[in-house]
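As a plain string of letters, each chain reads:
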Amino acid sequence: AQKVTQAQTEISVVEKEDVTLDCVYETRDTTYYLFWYKQPPSGELVFLIRRNSFDEQNEISGRYSWNFQKSTSSFNFTITASQVVDSAVYFCALSANNAGNMLTFGGGTRLMVKP
Amino acid sequence: DGGITQSPKYLFRKEGQNVTLSCEQNLNHDAMYWYRQDPGQGLRLIYYSQIVNDFQKGDIAEGYSVSREKKESFPLTVTSAQKNPTAFYLCASTLAGAIYNEQFFGPGTRLTVL
Chain A
1309 AQKVTQAQTE ISVVEKEDVT LDCVYETRDT TYYLFWYKQP PSGELVFLIR RNSFDEQNEI
1369 SGRYSWNFQK STSSFNFTIT ASQVVDSAVY FCALSANNAG NMLTFGGGTR LMVKP
Chain B
5 DGGITQSPKY LFRKEGQNVT LSCEQNLNHD AMYWYRQDPG QGLRLIYYSQ IVNDFQKGDI
65 AEGYSVSREK KESFPLTVTS AQKNPTAFYL CASTLAGAIY NEQFFGPGTR LTVL
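Chains A and B, in that order, give the protein sequences.
Residue numbers for the first sequence follow the working numbering, so the first one is 1309 and each next one is one higher.
Residue numbers for the second sequence follow the working numbering, so the first one is 5 and each next one is one higher.
Treat the hints loosely; a few may be bogus.
[To be verified] Taking lysine-lysine pairs in the DSS-like style, the calculated list, with each CA pair at most 30 angstroms apart, reads:
#, chain 1, residue 1, chain 2, residue 2
1, B, Lys-61, A, Lys-1311
2, A, Lys-1311, A, Lys-1346
3, A, Lys-1378, A, Lys-1346
4, B, Lys-75, B, Lys-13
5, B, Lys-13, B, Lys-74
6, B, Lys-13, B, Lys-61
7, B, Lys-13, B, Lys-87
8, A, Lys-1311, B, Lys-18
9, B, Lys-61, B, Lys-75
10, A, Lys-1346, B, Lys-13
11, A, Lys-1346, A, Lys-1324
12, A, Lys-1346, B, Lys-75
13, B, Lys-61, B, Lys-87
14, B, Lys-87, B, Lys-18
15, A, Lys-1346, B, Lys-61
16, B, Lys-61, B, Lys-18
17, A, Lys-1378, A, Lys-1311
18, A, Lys-1422, B, Lys-13
Derived from the structure by calculation, the hints contain no laboratory data.
Computed from a predicted model, the values in this text were never measured in an experiment.
Could you put together the complete structure from these sequences and hints?
Right, here's the structure in full:
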């Protein structure tokens, strides 16, 4: 069985603060992929990043960075110098060796960035 | 532009009625999915289909039905057997066969039972 836990249900920060969204996962598979999605108020999920289980290099894309640590089964997401437009619900998800390419989603973290 | 369309955006249903939510994609994706999202919660899988004329139940299929007669279309019917259908419904699609393929999502349909 697979499980993704996002312990932070809501985070509120002031613009320009850095913020880290936590994601902890469980799987018995050795080959798996982790994803982050953003859900703005409009409702549509937007894909942000994918990371495979064999690549523990951290990744940076502009103000976004991701820290993948297999030792702690975590795939955390940091936004540097947050902006109001970053306000959204963020989901972490896991896909492992199973039929149907099914994603297991965490419960999501609602990020509110105040001006 | 390639993408996924869902209609309607908002849907109101009286108790005891069946309603059908539309999902269409022009991405030439093989697999399609339906998720349900309740306030403050994550996404739960209702049904998925990897190929035309074939589909499987997800975690919460009771009270729902689907069909996959065309590659581009995967409509979801919410039946009267679904006791608490008020929720946000998201359709997604992906290239089948590989766990590394991200899913692409439609804009969603918000269903309210009156």
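Now the hints, each set against the structure:
no.	hint	in the structure
1	B:Lys-61 - A:Lys-1311	19 angstroms, holds
2	A:Lys-1311 - A:Lys-1346	19 angstroms, holds
3	A:Lys-1378 - A:Lys-1346	23 angstroms, holds
4	B:Lys-75 - B:Lys-13	22 angstroms, holds
5	B:Lys-13 - B:Lys-74	22 angstroms, holds
6	B:Lys-13 - B:Lys-61	24 angstroms, holds
7	B:Lys-13 - B:Lys-87	21 angstroms, holds
8	A:Lys-1311 - B:Lys-18	35 angstroms, violated
9	B:Lys-61 - B:Lys-75	18 angstroms, holds
10	A:Lys-1346 - B:Lys-13	19 angstroms, holds
11	A:Lys-1346 - A:Lys-1324	19 angstroms, holds
12	A:Lys-1346 - B:Lys-75	27 angstroms, holds
13	B:Lys-61 - B:Lys-87	18 angstroms, holds
14	B:Lys-87 - B:Lys-18	12 angstroms, holds
15	A:Lys-1346 - B:Lys-61	26 angstroms, holds
16	B:Lys-61 - B:Lys-18	25 angstroms, holds
17	A:Lys-1378 - A:Lys-1311	15 angstroms, holds
18	A:Lys-1422 - B:Lys-13	28 angstroms, holds
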